[in-house]
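Dock chain F against chain E, hints included.
2 protein chains.
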Amino acid sequence: MDPIHIAVVGLGKIARDRHLPAIAGNATFSLAATVSPHDTGLDGIPHFASLDELLEQGPAIDAVSLCTPPQVRYDLAAQALKRGVHVFLEKPPGATLSEVVALRDRADKVGVSLFAAWHSRFAAGVAPARTWLAERTIEKVSIVWREDVRVWHPGQAWIWEPGGLGVFDPGINALSILTHILPRPVFLTNATLSIPANRAAPIAADMHFRDTAGAEIHMDLDWRQTGPQSWDIVVETDAGTLKLSSGGAVLALPSGTEHNEDLEYPGLYARFANLIRGGRSDVDIDPLRLVADAFLRGRRVSVEPFID
Amino acid sequence: MDPIHIAVVGLGKIARDRHLPAIAGNATFSLAATVSPHDTGLDGIPHFASLDELLEQGPAIDAVSLCTPPQVRYDLAAQALKRGVHVFLEKPPGATLSEVVALRDRADKVGVSLFAAWHSRFAAGVAPARTWLAERTIEKVSIVWREDVRVWHPGQAWIWEPGGLGVFDPGINALSILTHILPRPVFLTNATLSIPANRAAPIAADMHFRDTAGAEIHMDLDWRQTGPQSWDIVVETDAGTLKLSSGGAVLALPSGTEHNEDLEYPGLYARFANLIRGGRSDVDIDPLRLVADAFLRGRRVSVEPFID
Numbered sequence: 101m102d103p104i105h106i107a108v109v110g111l112g113k114i115a116r117d118r119h120l121p122a123i124a125g126n127a128t129f130s131l132a133a134t135v136s137p138h139d140t141g142l143d144g145i146p147h148f149a150s151l152d153e154l155l156e157q158g159p160a161i162d163a164v165s166l167c168t169p170p171q172v173r174y175d176l177a178a179q180a181l182k183r184g185v186h187v188f189l190e191k192p193p194g195a196t197l198s199e200v201v202a203l204r205d206r207a208d209k210v211g212v213s214l215f216a217a218w219h220s221r222f223a224a225g226v227a228p229a230r231t232w233l234a235e236r237t238i239e240k241v242s243i244v245w246r247e248d249v250r251v252w253h254p255g256q257a258w259i260w261e262p263g264g265l266g267v268f269d270p271g272i273n274a275l276s277i278l279t280h281i282l283p284r285p286v287f288l289t290n291a292t293l294s295i296p297a298n299r300a301a302p303i304a305a306d307m308h309f310r311d312t313a314g315a316e317i318h319m320d321l322d323w324r325q326t327g328p329q330s331w332d333i334v335v336e337t338d339a340g341t342l343k344l345s346s347g348g349a350v351l352a353l354p355s356g357t358e359h360n361e362d363l364e365y366p367g368l369y370a371r372f373a374n375l376i377r378g379g380r381s382d383v384d385i386d387p388l389r390l391v392a393d394a395f396l397r398g399r400r401v402s403v404e405p406f407i408d
Numbered sequence: 101m102d103p104i105h106i107a108v109v110g111l112g113k114i115a116r117d118r119h120l121p122a123i124a125g126n127a128t129f130s131l132a133a134t135v136s137p138h139d140t141g142l143d144g145i146p147h148f149a150s151l152d153e154l155l156e157q158g159p160a161i162d163a164v165s166l167c168t169p170p171q172v173r174y175d176l177a178a179q180a181l182k183r184g185v186h187v188f189l190e191k192p193p194g195a196t197l198s199e200v201v202a203l204r205d206r207a208d209k210v211g212v213s214l215f216a217a218w219h220s221r222f223a224a225g226v227a228p229a230r231t232w233l234a235e236r237t238i239e240k241v242s243i244v245w246r247e248d249v250r251v252w253h254p255g256q257a258w259i260w261e262p263g264g265l266g267v268f269d270p271g272i273n274a275l276s277i278l279t280h281i282l283p284r285p286v287f288l289t290n291a292t293l294s295i296p297a298n299r300a301a302p303i304a305a306d307m308h309f310r311d312t313a314g315a316e317i318h319m320d321l322d323w324r325q326t327g328p329q330s331w332d333i334v335v336e337t338d339a340g341t342l343k344l345s346s347g348g349a350v351l352a353l354p355s356g357t358e359h360n361e362d363l364e365y366p367g368l369y370a371r372f373a374n375l376i377r378g379g380r381s382d383v384d385i386d387p388l389r390l391v392a393d394a395f396l397r398g399r400r401v402s403v404e405p406f407i408d
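Here the protein sequences line up with chains E and F, keeping their order. Letter by letter, the first sequence follows residues 101 to 408 of the numbering used here. Letter by letter, the second sequence follows residues 101 to 408 of the numbering used here.
Do not rely on the hints blindly, as some may be mistaken.
Where chains are identical, the list cannot tell them apart; a pair therefore holds if satisfied intra-copy or between any two copies.
[Said to hold, decoys possible] Under the rule of at most 30 Å between Cα atoms (straight-line distance), these lysine-lysine pairs were calculated in the DSSO-like manner:
| # | residue 1 | residue 2 |
| --- | --- | --- |
| 1 | K209 | K240 |
| 2 | K240 | K113 |
| 3 | K209 | K182 |
| 4 | K209 | K113 |
The set of hints was computed from the structure by calculation and includes no laboratory data. These numbers were taken from a predicted model, which means no experiment stands behind them.
So here's chain E without its partners, still in its complex pose:
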């Protein structure tokens, strides 16, 4: 079978750290081109300043991975879908819910695969956590997601702009795991968002959710953590406590702890290949809906300015 000829659009940190290695490591894909107005591309791979230019003048492509900031992603995705090109959306899949729903409708109509990728769902501990929780009664969930923004998002101005999500850029990873492993739907009951006086997006958030059986879920999300970083989800159940740590890579159950290697992006590209080969899409907006709910329902407090 011919490989899937894929272009990577946006060559920032996430594209170089994660997407390009995952594509290089998967024989189903062949990297056909890169696109970025800010970059000269990779040795030996055709490079274009815009998706337009690639589609007009470049080699034929079957698929694109959109690794740009979310604020510009809708137009790129719509342009690709119009040409029958399959689309991989980095998280978050868009700057608004309604644009993602519009893209999903369009992909269904033209019969092209659209994949809203949630990389943390492919962390090694997540699938077994979901299986283990499926049969349990959930009593209480605690999420602590605390990291140092200066380490993980150095100089990324877009992330502080409207549509850039601020601390929800990492926080949505926790929500993508939460909505995947819990057996019942969850909804937000209240939230407090801490917004630096000189920025548009939150640097921290304190959130309360419930599931439809009444279990309380608390989330402590903070970008001001120096020293040890925390990406932990603890679920108390009628059969003991489950703990996912290191962003989902390490799973501790009452029976013992599993450490696994990081397979997130290889897992995403394997999934994307399956969707394309099977003529299907996978566009789950639940994590972004919970973030939108936090912005809609949350109380805002102003905190000290953040200087990069």
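For chain F alone, kept in the frame of chain E given last:
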């Protein structure tokens, strides 16, 4: 056929001005009880301080209309659905999207009717506008929704709290019409929200949307309008201009203008009865999703304090 025994929960302005007259005017319904901790109810109708009390001690009911502020609506609706009682949700259907989605799942599971009511969709001009637009190419849409908050929401503190939506409380009516009459999905591209320095919710918003064919939609939403009030939607098409005014009651087409009487709440209760008799639900979250998108994506500006 026995009438549907209905209780009205929350006896504020909207319940007294709209719901009670519409129920009284529809022979399919019989008002069985009212619920409010702040009120003594109506002559001759059993009254309860809480829904709990009604469900434990009151007359049997088939349905409830929830006319409380949105922040407390989820628990009331969940409680009713659990007892097999059909639920009418005043707009907005909840304080978050995720709680409405959770209620919809639950209603489907227990086989009870849930109705997220959008009263403006039942304004007389809306159905013919939708029919007329179905065959047109939409070129441009302009929405002007300007009213005086002191006239329409006197002393309603909850409306300024997180989850109370502020100026989107009326604005969501325009969005419920827009999403109903346009033939294609729309999504938000950017928004500016004006928040009084002493409040949590916006007093005005300037918003830009597009539909999936690229038509530009502008919305000017303002609560500071004194004098004449505006609730107008103008749609320019390849076959001329459509104008809905007075909140959807008056429809002007190139062929002439129709003025009609207000049938919004009678229309809603006729629809609710049909849903119950047919064993179906109707829970469209599109209008609330666009509002959540405005909170998620919008730029906030601080404006002068609002004193009631």
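Right, here's what the structure says about each hint:
no. : hint        : verdict
1   : K209 x K240 : between (41 Å within a copy, 24 Å between copies)
2   : K240 x K113 : neither (36 Å within a copy, 39 Å between copies)
3   : K209 x K182 : within (10 Å within a copy, 38 Å between copies)
4   : K209 x K113 : neither (33 Å within a copy, 44 Å between copies)
Hints 2, 4 from the earlier list are contradicted by this structure; the remaining hints agree with it.
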